[in-house]
Structure formats: C-alpha cells, structure tokens
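Use the sequences and the hints to build the structure in full.
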Amino acid sequence: MTSAAPTINALIITILGGMGTLVGPILGAGIWQFISQFFFDWFGPRWPLVFGILFVLIVMFLPYGIVGTYRARKLGWSEAWKQGWKKISGLFTTKTNK
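Numbering (the numbering used here), first residue to last: 1 to 98.
No lab work stands behind these hints: they were computed from the structure.
Think of the CB as a built atom: it goes at the ideal place given N, C-alpha and C, for glycine as much as any other residue.
Any given hint could be a false lead.
Taking CB as the label site, the calculated pair distances span [stated by the list, open to error]:
#1 Ile53 to Leu75: 23 to 33 Å
#2 Ser78 to Asp41: 38 to 48 Å
#3 Ser3 to Lys74: 37 to 47 Å
#4 Ser89 to Gly44: 40 to 50 Å
#5 Leu22 to Arg73: 15 to 25 Å
#6 Pro6 to Ile53: 16 to 26 Å
#7 Arg46 to Lys86: 35 to 45 Å
#8 Trp85 to Ile53: 24 to 34 Å
#9 Ser3 to Val59: 18 to 28 Å
#10 Met60 to Ile26: 20 to 30 Å
This is the structure in structure tokens:
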C-alpha cells in the first residue's frame, strides 16, 4: 500500500514557494521543513491542524506563493501577469529552425 504523503508534501512545498520559478519550490521546501518541525515541537500531534489553518491563510493572502507574490509586487501586477503569460504561451508554440 502506498501513501499520498509525498505527493501532498510536494504540492504544499510548491504552493508555499510559488510555481513557475526554480527558487519558489526550493524556498517552499525550506519553509516546509522549518514549519513542520517547529509546529510539531510546539503543538505535538495537533500540528497538522494548526498548519492547515496557516496554509489556508497563506493561500488566501499570497495566492501566487511567496516568490510569485514578491515578483508581482516588485514588477507590478500587470507586468508580472504579462511575463507569466509569455512563459505559458512559449510552452505551446513550436519553434522552427531557419
């Protein structure tokens, strides 16, 4: 029997840090390791409940993750949106060598 925990952890890490960059999930992994250990030490077996509440707040107030929200505020929301769409549209276009 397999567990869903590794998949759930990977999703949490990616959502925390932010998608679309390499730095986001790396930062998310560091934060996840710190928070999970800190919450376990402070709240014992109830730490997933406390983390769940914190996670909902993070998703509500930082919908693009930590790195995505930082970039959007630094560049301005409209410029960050344009750059994001350029990256996405680049995935679906075919490049031809001339």
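Q | Non-conforming hints, listed in increasing numerical order | A | none
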